[in-house]
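Fit chain E to the supplied structure of chain U, relying on the hints for placement.
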Amino acid sequence: MSAAVAIAPSASASGARQKPGEPIVSVRGLTKIFKDFWGRPKARAVDNVDFEVRRGEVFGLLGPNGSGKTTTVKMLLGLLYPTRGHIEVFGHSPRHVKTKAKIGYLPEESYLYRFLDSHETLNFFGNLFDLPAAERKKRTEELLEMVGLSQVRTRVVGEFSKGMQRRIGLAQALINDPDLVILDEPTAGMDPIGCREIKDLILAMAGRGKTVILSSHLLSDVEDVCDRVVIYYGGRIQAMGTLKELLAKPDAVRITTPPLSRETMQQVLDTIRHDVAADKIEIDNPRQNLESYFLEVVRKARESLSETSGATSGSRVAPYLRGGAEAAPPSERILERLTVAAAQQSVEPIVAPKPVERVDEARLQSLAQSAAPLPAAAVAPEPVPAADLNKANEKLSSLLGKPNEK
Amino acid sequence: MKRILAIAGLTWKSAFRYRLFWILAALLAGAVVGLPLLLKDDGTAKGLVQILLTYTLSAVATLLGMATLWLSCGTLARDIEECQLQVVTVKPISRWQVWLGKWLGILGLNAMLLTLSGAAIFILLQWRAGHLPPDEQKVLRDEIFVARASIKEREPDLTPQIDRQVQQRITELEKTEPTELNKAEIRRQVTEEVKAASTGVPPGYGRLWVIDLHTLPERTQNEAFQVRVKFHASDPNPEATYDTYWVVGPPESQRVAKIRQVLPPDSFQEFQVPPHLLDEKGRLVIDFYNANNASLMFPIEDGFELLYYENSFGVNFIRGMMIILCWLALLAAIGLAAASQLTFPVAAFACMAIMLMGLSSGTIQTVVEQGTITSYDSAAGSFGHSPLDLILVPVFHGSLKIIQLVESFSPIDFLSTGRSITWTMLGLAVAQIVLLLAGIFGAIGIILFSRRELATAQGNS
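Protein chains in written order, with this note's numbering: chain U, 66 to 471; chain E, 294 to 754.
Isolated chain U, as found in the complex:
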């Protein structure tokens, strides 16, 4: 049986990325208890946490607000000190200064100097990495272009909208072309286009063998990009594993095909009914997600938009971040392909999702006789070569501009 499992972008991406290597981050028995002025325990923010993050992984820290994600991130960065337990980042203490040259960090808020403009901000952080002037200038230009702030480079950060601040925050996190990127709620305050850009950027970096730690309470963010996640609650890890391990339903199978004739459909169902009771079989039309639909609507709207005083759509991933990923033709790039697929779908008004029906003849009839072709996005992608994901960077160029939100 040529069953094709419907593939989420992250699943395909992770499947194609190079296999995770040696541990980059190692956390054992990590506990953080906040104390009051008199040293009395006030809150146990993180409680006996163990995990490892390996090279090339996109690792998600998932959990509700106050569950300990940000506290964990800040201990990884040496901004908070563990009450108990042990942390190693690149084999050193989180407070080891030289190690920090390999790390990029986007905090949950863009804690940047409000009196600096975006160009000065990147130049300042470039200086902290001791980058030569020419390299600093080059990276600054490329990053500003990438995050769509090149037109507002002389506006001070204090005048930026929250989304623009996130963009410049992201740019500062990447100024050193880091091996480990720690992103705390990276899509907070971003519009859907910005969210998509960031997620695609994460995938592009992971494709280059970078390690990404993503802390978020937005399940879709994590699901779209992460290879492996831990789920926090009350400062403890409640679940940990790959998305496949955590999300797969081993007792069910989904088959997705182009439209079939009534006869073929009937034959398939008959075959299945030999082994499975009729009330266990579900049939429906695959749907694109809201994000893809939104992006397509905006793409069309963009054609009539001339200029904006806010952030423009991010351009391609900064060349210095792409490394050797330029070689493959754009047509083979998976993210490009995903976007194109989204664009090919009809843009009929979205209707509220109907409950999934059990198989009945009428439903089968309607599916089999449907005159309109099913959306292209429903077609399961072919297995993606590993090299393709390394070229995912080009995706940003296909994304669309947005009006200034300021």
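Certain hints may be false.
With a straight-line cut-off of 25 angstroms between C-alpha atoms, the simulated BS3-like cross-links for lysine-lysine are [as the list claims (entries may be wrong)]:
1. E:431 <-> E:306
2. E:488 <-> E:445
3. U:203 <-> E:306
4. U:202 <-> E:488
5. E:694 <-> U:167
6. U:163 <-> E:295
7. E:306 <-> U:202
8. E:295 <-> U:203
9. U:227 <-> E:445
Keep in mind the hints are simulated off the structure, nothing from the lab.
Relative to the frame of chain U, chain E by itself:
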């Protein structure tokens, strides 16, 4: 170094973008240009210039000092509270580099403002002096617009005399009041009496000063000297002036100068002695005769000194500014050290407390000298005692030692009296104020800052 300079540059930009620099510059300009319009002088060109120098430099130092404390507390404490340092310290920069960068940034800002205001004061003074009559200009050139070194007579060791008299007094008192002897108080009284006796010149008596100048360059030895004196009179009339007679030159030789000066008490007065009056050993002998009806007392510390040309006023002025910069460097270190651990308002409050303590050195010195915080009991004829003395007197003693390390340099006083601020003095100021004291505060600040968990602050930007 690039990282440290990046932080220093950031501190500069912050001061400029938040307009602190421009506000400070405007205030300093007001102090330099506006203050002279409000000041009243004694009618002499020398008095006017002395007052101008003293008040404008004091105003500049005070304004910059307060701004330095404010800026140093704010730049670090606010960066921590508003979480910007969370993004900075996750980059490959050590905490000490962040701290040092901020200190250097504040220091650079102060150096710039001090240079601008110092230059303005210098130019204004020269401009005003240029419009004075030639004889007054000469006085200014001789006594103010000059860097004169100072030589004093070696202070006599009065300890044996004090010991002897204390013992004698105790023996006498033991016979009359054996149970109520306060030996510390007796010693204090005797010390004052001996000092007064050694500095006093009764009516009709004289006093001889012998100043050894053989170590000076020969050219200097053959120049005219300025004598700078200050005396107190036993006559309570503050309006009185006193006839003073001075014979300068080798005793029993024809090569002497006889000088008569009518001088007021309780203030520094200067007069010139002619050149070529040193004896064959390179000593200058000055014989004073008191022809008044009141005793005149020349304090050991500053009653008599000999001044001679050492350098130009411009060089002296620059050295003076550099000592003020040393003070500001210390204040910046204090502010940053406080902000390394405390929130902005608390750090600012702590700094104000330290500054107030520094300005109260007179009170502290009195407590240390009297050995108690209680006041004088006129009925008992001595000072009382408090249990707090056990703690406060040693604390005050230590504080005074520290304050004296800073206050032992008085560039404003030196500049307004045309006295030389030597390179040695400047070097000592750098060593004591910057390397030692600012270094101690810096070490404390850096340790506190390095140990601090920066992410416990709640962002409020």
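Going through the hints against the structure:
1. Among the hinted pairs, residue 431 (chain E) with residue 306 (chain E) is inconsistent with the structure: their alpha-carbon atoms are about 46 angstroms apart, more than 25 angstroms.
2. Annotation: proposed proximity of residue 488 (chain E) to residue 445 (chain E) holds, straight-line Cα distance about 17 angstroms (limit 25 angstroms).
3. Of the supplied pair hints, the one linking residue 203 (chain U) and residue 306 (chain E) holds, its CA atoms being roughly 23 angstroms apart against a limit of 25 angstroms.
4. Between residue 202 (chain U) and residue 488 (chain E) the alpha-carbon distance is near 72 angstroms, which puts this suggested pair outside the 25 angstroms criterion.
5. For the hint linking residue 694 (chain E) to residue 167 (chain U), the alpha-carbon distance of about 48 angstroms lies beyond 25 angstroms, and the restraint is violated.
6. Annotation: proposed proximity of residue 163 (chain U) to residue 295 (chain E) holds, straight-line Cα distance about 15 angstroms (limit 25 angstroms).
7. Proximity of residue 306 (chain E) to residue 202 (chain U) is assessed by CA-CA distance (about 19 angstroms); at most 25 angstroms being required, the pair is judged to hold.
8. For the proposed pair residue 295 (chain E) and residue 203 (chain U), the alpha carbon gap of about 18 angstroms is at most 25 angstroms, so the pair holds.
9. Of the supplied pair hints, the one linking residue 227 (chain U) and residue 445 (chain E) is violated, its CA atoms being roughly 69 angstroms apart against a limit of 25 angstroms.
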